[in-house]
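Visitor: The lines below spell out each chain.
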Amino acid sequence: MRVVIYSDVLDLAKELIGLANELNAETELILAGMEPDNVVGVDRITLYRGISPEDQELVLEALKQAEADLYLLSNDRRGRELVGLLAHSKGGASIVDATSVKVEGDRVIAERMTLGGKGVAVEEAKMPAVISVMAGKYKPPEEGKSPEIIEKEAPSIERRVELVDKKEKPKVGVPLDKADVVIAVGRGFKKKEDLKMAYELAEILGGVVGATRPLAADLKWMPEEVWIGISGVRIRPKLLIVIGASGQQQFSAGIMDSKVVVAINNDEKAPIFEVSDYGIVADLYEAVPKLIEKLKR
Amino acid sequence: MNIAVLLKQSIDVQELMVDPDSDKIYLEEAPTKPGEIDLNAVEEAVRIKEKVGGKATLIMLSTWGSSGKRKREAREAIKRSLAMGLDDAIFIFGADGREVDTYVSAKVIAEKVREIEANLVLAGEGSEDNFTGLLPARVAAELGWPYVAYATSIEVEGDHLIVTRSLEDYEEKVKVKLPAVISVTQEINKPRIPKLMEIVKAGKKPVKEEEFNKKHESKLKIKSIKVPKVERKKVVIEGDLDEVLDKLLQALKEEGVI
Amino acid sequence: MADFDVIVVGAGPAGSVASYLLAKKGYTVLLVDRGKRVGSKNMFGGRLYAWSLQEVFPNFWEEAPVEREVKKEVLGFISGNEGVEVSLSWEPQAKSFTLLRAKFDEWLSQKAEDAGVEVISGIRVESPLIEGGKVKGIVAEGDERLESEVVVAADGVLSFMAEKAGLRPPLRKEDFAVGVKEVIELPKEKIEDRFGLEGKEGAAQLYIGFTGGVIGGGFIYTNLNTISLGVVARIGSLYESLDKVQYSMWNLLDEFKAHPMIRKYVRGGKLVEYSAHLIPETQFLREVKLYSDGIVLVGDAAGFCVNYGVTVRGMDFAIESAKAAAEAIDHALKSGGATSSNLSKYLELLNKGMMRELDQAKKAVDLMENPRIYTSYPNLIIKLMKHMFHVSGRPRKSLYEASKEFMKEESISLFTAIRDIWKMLRSL
Ligand SMILES: Cc1cc2nc3c(=O)[nH]c(=O)nc-3n(C[C@H](O)[C@H](O)[C@H](O)COP(=O)(O)OP(=O)(O)OC[C@H]3O[C@@H](n4cnc5c(N)ncnc54)[C@H](O)[C@@H]3O)c2cc1C
Ligand SMILES: Cc1cc2nc3c(=O)[nH]c(=O)nc-3n(C[C@H](O)[C@H](O)[C@H](O)COP(=O)(O)OP(=O)(O)OC[C@H]3O[C@@H](n4cnc5c(N)ncnc54)[C@H](O)[C@@H]3O)c2cc1C
Ligand SMILES: Nc1ncnc2c1ncn2[C@@H]1O[C@H](COP(=O)(O)O)[C@@H](O)[C@H]1O
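Residue numbers (numbering that gives the first Met the number 0), protein chains in the order written: chain A, 0 to 296; chain B, 0 to 257; chain C, 0 to 427.
Source of the hints: derived by calculation from the structure; they are not laboratory data. Ideal Cβ positions, reconstructed from N, Cα and C, are used throughout, including at glycine. One should not assume that every hint holds.
Stated by the list, open to error - Dumping the calculated PhoX-like pairs for lysine-lysine here, alpha-carbon to alpha-carbon at most 20 Å:
#1 C:K102 / B:K68
#2 B:K233 / C:K102
#3 B:K233 / A:K219
#4 B:K246 / A:K258
#5 A:K295 / B:K252
#6 C:K269 / B:K232
#7 B:K23 / C:K187
#8 C:K269 / B:K228
#9 B:K214 / A:K89
#10 B:K172 / A:K166
#11 B:K232 / A:K237
#12 C:K40 / A:K268
#13 A:K63 / B:K23
To be verified - Examples of chain C residues toward chain B, derived with CB under 10 Å:
#14 E105
#15 Q109
#16 G121
Unchecked claim - So these bits of chain B aren't anywhere near chain C, every CB distance computed over 10 Å:
#17 D18
#18 I24
#19 R46
#20 E75
#21 D86
#22 P178
#23 K213
#24 K222
#25 K233
#26 V234
So that you can see chain A by itself, here it is in the shape it has in the complex (with noise of 0.2 Å):
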């Protein structure tokens, strides 16, 4: 079986060939406009130093060429654009988000998560396949075949995809998906000042702040990489504080491998009181500056 392994970021890159691996495949590795730095465990990288991971038509016209059973793709952003594309293109199966890959014979099966986080489906293909995987579910290979190198020039195809403009979005340093203590904060919050009380919260708990979907990408109060959830992050700390988000399923799909989940909201009826081991009932404009208060003490 042959495995082509495809992402822009080389860290993701490198947990897709570990889980190639476990499947026992040749491998190969196609890199865009990046090296292949301390890379293992793969029987070929072909690199193309003349196209940049933001040239999509022409990472897609690569791996096109590149023949395969199975493409693992990682599950951020631009690799979830190219499956459907790659997969329809090749007469193929798509799975995007996985977070378990098995071969049986000529088939796949994948789990991953649908209906908001309700369900975890099992999906079976025969290959080929195109399936991206979420981060963090398999481990980089520390040791294996030194790879050989093959580079190739970019493909000649007409581009109708031209990038005008690129800006670097602000970032905030600790991922929220390796965090111990997070605060995910809501709506409830009626301005960004307010925030304040979240930071100091997290900061005496020696944590980070995560938030909703509304409060990052459209009040973009924070920055967009700590919203939580099925189009976000999907966090996993040891204690989750959420105060003044109402728990809708998109939000909570995200926060379901918390250890302890506490929840703050004025309303009693609030979804977010379903999934949460202990709820408090409270204008998170009293409570929060009070629990800081008993924090201190």
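Following the hints, complete the assembly by docking chains B and C with the ligands onto the known chain A.
Guide: Frame of chain A; chains B and C with the ligands shown alone:
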């Protein structure tokens, strides 16, 4: 501009009931609703039309069965989208959810896009119940058109679009040649809420209802859907605020998390 | 020109039937409901008496989503951990069915839509549109004004339409009882075994004696593969806020469900739905005006609902009043307009028809006002039964002696008992 807007009637996941003990998922009983992000696509189509003129057609392929209830809910959703300002709609029903993966859906939908001679397809970044974003990508591949996902703004410039899109670390601005397929995020706009009289009038806009005919085989099979098991204590701590917070801190200490 | 001949607010049974009948008569009708989906949040205990709907849709049960036909009635008395059940299995002449409102209301509104009614859900009507003291239409969410010749207020027990049109005084908490209900899923066979039913037969079971003397009780209705279980109590006046009332109602429901006699019915079942709702009290009805220029009240909005203490009956009256309203509106519009005097036909029709039934039902309610029914009598009955079945090998008191003693314990004099029984007989 001749726009096709893709709207999926999704399971209302907020109201979907599941039973972790028996892995039972109450799909039949769950209501369906138009995906929220799909409505952003509808709104964007209407705005583009308002700016540059043209026509916008809704395309919906029902994938959750076609019982009377499902059909009613779908027709209702279509009527509302028409009330938001779309011109007409194509509603394809009769497909069994298990027979239509995104490969089949894309084939069926692309055929309709060709039929109405659209030069722009707008879809949501992900459907509310499945959230894969696979469908619009496959429609683009099927049509052989360029595809840009995660759009947060769309401007029309002659036979090109200027699309701003949001990725994890970057915001990109790209120039896309028409015809094209674009998927939008929830942040691109705020969908208008149609007025009563607009909904009444939308009832008179043309809706072409067609029976799904099975011409393609699915590539993917859903073997089973399990219910993730999360045990939560769900204690709402009662008392006055001081008391409540003291009890909370006590409990968190006992849990060993602070 | 008005946007519609008739605008009906609220797509419960009253609104759907009224709009259906008016559309059938050729009027343009708009039916608006605030629910995201018609009927999705509507609730009731569980049993519809068929008589009134039967005339609109003969044999409707063959087509409508009804669950089971009630063929078994159970009356239960609870005292502490003990209980007595009296059961009647019969072949009633007047049919009644158990059903679930979400499905049923949707079906009814579909009937209206098929008849040509514009049915729009998900939009709240804020108030009647009033000009020169007359109702001219409605004001919907977003300050949208729509005009019609006449408005039918079918917006249920809290009817802001009626209140804002000045047809009834603002609400007081004493005017309402509260009902809470759960729908519990069980395999069909289990339901039939546990309740002793066959095929599509259904049971209606009522229980009193566990509400701590408050007027109220519990009910169980069997559906096809769920059971509806709930508690109704007149506790509005005991608490300062509705939230608190609801909270204590849920506690009462939990107690009811945990009672040894009840829990065997629900064991192993899965909770699939729960809801709470208000019920108008009869004395409140006396302050309601049923119509004025351009507006007619039907169903719960008009207060056509009877709370017997444990069970509530309102759907059949809602439907019957809708029929009368449709006829009166037709008459008024043909006689020159929906003026108050032309609409007086409504009251005329009601007086000829359902008012007698309603009055009788209200008499029964007066009887059920008797707090002894909710504590002393259940206790007494259980004590008597226990006495009858107690066998220890030693001589015991005669039944007569025992009853005298038990009555004393419950502080019921022979005179009171006779009076209560007499009242009961007279009101039936
Ligand atoms: C396909 C799809 C994907 C999505 N993906 C995500 C995702 O990944 N992540 C995500 O977060 N969302 C996502 N969403 C959006 C999601 O559905 C909700 O809209 C969002 O999570 C709600 O955010 P919120 O809880 O901050 O806001 P709201 O729902 O508005 O909740 C605010 C809460 O604050 C409470 N509150 C208000 N004032 C106070 C006070 N003074 N004190 C205490 N409490 C107060 C309120 O009671 C309320 O419960 C997605 C939606 C769709 C359709
Ligand atoms: C606990 C309980 C048990 C009961 N048990 C029984 C029983 O077993 N049998 C029986 O016959 N009756 C029973 N009833 C009574 C029965 O439910 C009512 O009498 C009946 O539903 C009245 O019908 P309606 O159409 O008048 O109002 P409703 O059924 O209340 O319908 C009102 C409709 O108006 C809509 N609405 C309200 N306000 C607005 C607005 N501003 N704008 C737009 N739409 C609006 C609502 O969404 C709703 O759909 C019970 C009631 C309760 C509370
Ligand atoms: N069955 C369908 N009918 C119409 N549009 C659909 C359908 N399925 C998906 N879409 C569109 O494709 C987008 C992404 O869906 P998905 O690929 O399921 O995440 C949705 O937001 C819709 O715009």
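Visitor: Beyond 10 Å from every chain C Cβ: check whether that's true for B:K233.
Guide: holds, 14 Å
Visitor: Given the proposed pairing of C:K102 with B:K68, does the C-alpha separation stay at or below 20 Å?
Guide: holds, 9 Å
Visitor: With a cut-off of 20 Å on the C-alpha distance, tell me whether B:K214 and A:K89 pass.
Guide: Holds, at about 19 Å.
Visitor: Find the nearest Cβ of chain C to the Cβ of B:P178 and say whether that gap is larger than 10 Å.
Guide: holds, 35 Å
Visitor: Just checking, B:D86 versus chain C, shortest CB gap more than 10 Å?
Guide: Since the minimum Cβ distance to chain C is about 20 Å, B:D86 lies beyond 10 Å and the statement holds.
Visitor: Classify the label on B:I24 as holds or violated, using whether its beta-carbon is more than 10 Å from each beta-carbon of chain C.
Guide: Per Cβ check, B:I24 is outside 10 Å of chain C; nearest 13 Å; holds.
Visitor: Has the given pair, B:K233 with C:K102, been kept, meaning a C-alpha gap of at most 20 Å?
Guide: With a Cα-Cα distance of about 31 Å, the restraint between B:K233 and C:K102 is violated, given a limit of 20 Å.
Visitor: Run the C-beta distances from B:V234 to all of chain C and say if the shortest one exceeds 10 Å.
Guide: holds, 16 Å
Visitor: Would the pair C:K269 and B:K232 pass a check requiring their Cα atoms to be no farther apart than 20 Å?
Guide: Holds, at roughly 19 Å.
Visitor: Taking the closest pair, is the beta carbon of B:D18 still more than 10 Å from chain C?
Guide: violated, 6 Å
Visitor: Is the hinted pair A:K63 and B:K23 satisfied, with a Cα-Cα distance of at most 20 Å?
Guide: Distance ~40 Å between A:K63 and B:K23 Cα, so the pair is violated.
Visitor: Test the statement that B:K213 is away from the interface with chain C: the closest C-beta pair must be farther apart than 10 Å.
Guide: Correct as stated: the minimum Cβ-Cβ distance to chain C is 29 Å, above 10 Å.
Hints 2, 3, 13, 17 and 20 from the list above are not met by this structure, while the remaining hints are.
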